[in-house]
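One line per chain: the protein sequences are D and F, in this order. All residue numbers for the first sequence refer to this note's numbering, where the first residue is 1 and numbers rise by one. All residue numbers for the second sequence refer to this note's numbering, where the first residue is 124 and numbers rise by one.
Fair warning: there could be bad hints in the mix.
[As the list claims (entries may be wrong)] Chain D is faced by these chain F residues, among others (derived, beta-carbon under 7 Å): (1) Val149; (2) Gly190; (3) Val200; (4) Ala217; (5) Val231; (6) Ser243; (7) Val246; (8) Phe254; (9) Ala295.
It should be emphasised that the hints constitute simulated quantities derived from the structure, not laboratory data. Computed from a predicted model, the values in this text were never measured in an experiment. Glycine included, every Cβ here is placed at the ideal spot set by N, Cα and C.
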Amino acid sequence: MVIYGVALLSFCMLVGVFVGDILGELIGVQANVGGVGIAMLLLIVLSNLSHQKFHIGSATESGIHFWSAMYIPIVVAMAAKQNVIAAVSSGWMAIVAGVAAVAVSFAMIPLLDRIHIGEDDDS
Amino acid sequence: MILDSLFAVLSKNALITAFAFVGILVWLSYEISRRLTRGHVHGSAIAIALGLVLAYVGGSFTGGSQGLADFSLLAGVGVMGGAMFRDFAIVATAFGAELEALKKAGVVGAASVVIGVVLSFVVGAVVAVSFGYTDPVAISTIGAGAATYIVGPVTGTALGAESGIIALSVAAGLTKSVLVMIVTPFIAPKIGLDNPHAALIYGGLMGTTSGVAGGLAATDPKLVPYGAMTATFYTGVGCLLAPSVLFLAVRAIY
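Put together the whole structure using the sequences plus the hints.
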């Protein structure tokens, strides 16, 4: 049933966000710490586990695939509701700070990407 | 009268209107991609850019902070593009992700989050100093804003920064997320952002969930779960480090 997939997804997200909120409280920051990441891990583990323990039918899968496919349209809607005006019209300092942070972060990617920890590098 | 009824139907069914509207927008973008760029610029990248342009138009017409969603007819776009559906769809993309790729990049991925927060904070702080700020609270708040637009206000509030500074920190974070959305598909080939390992590091370094989500969607949707995974830890780590260790470091210098 399609709803099983949607419900499984909802379950993972609610658990993840709940754990993320608790983590935030424990650390003492006013933010959700990795809630969505925890939810994703949970879904990955459950879907990998399913091969041995329980079977996820194709209808159930399609309930998850639908939301996965809705991802880009949702991101488009998200882009359309950003406060672009505030970002553009706030003066140079905020823009310079944002641009510089992005530039430096991009420059770091190739450096960190070369590090493969805990891997048997045969090449 | 007909127009009135139409408007009533559209705004009463706001979320459904948003689905139809975004559908048309995406279709238009893929047509532009195919006909005007011969597929060189990916349709989703054009759709996201168009979304941002429309958000600018919406903001300048309504004076609101929700972009296109401030038009009452398109209020549903705000729901569809809000954090709830965004996070739900991001979690869904994890279905089918490889556990192996995650394990391999585990340590580097975690390190990239901490490095990303510190790096953006330092860059933002340096920019603040070069623009003449000398108050450690203001410098730290702007540095935190260069991390994400959530870390900025959280840090500013914790340190007691004035609201103008907090607004600047939000603007710095917004600039970052908009820029990451736009430039990622163009820079990705140059920095080897084409595999799960690099995507995990990218998510950890950039940290802006919306920027990473939009950027990777326009680059290669298969990479989305990996980048989003590390990015979701970034704001939490930022809220942890910026008002504490990083602020103390700034205060030690000034």
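Here is how each hint holds up against the structure:
no., hint, result
1, Val149, "holds (6 Å)"
2, Gly190, "holds (4 Å)"
3, Val200, "holds (5 Å)"
4, Ala217, "holds (4 Å)"
5, Val231, "holds (5 Å)"
6, Ser243, "holds (4 Å)"
7, Val246, "holds (5 Å)"
8, Phe254, "holds (5 Å)"
9, Ala295, "holds (4 Å)"
Checked against the numbered hints above, the structure breaks none of them.
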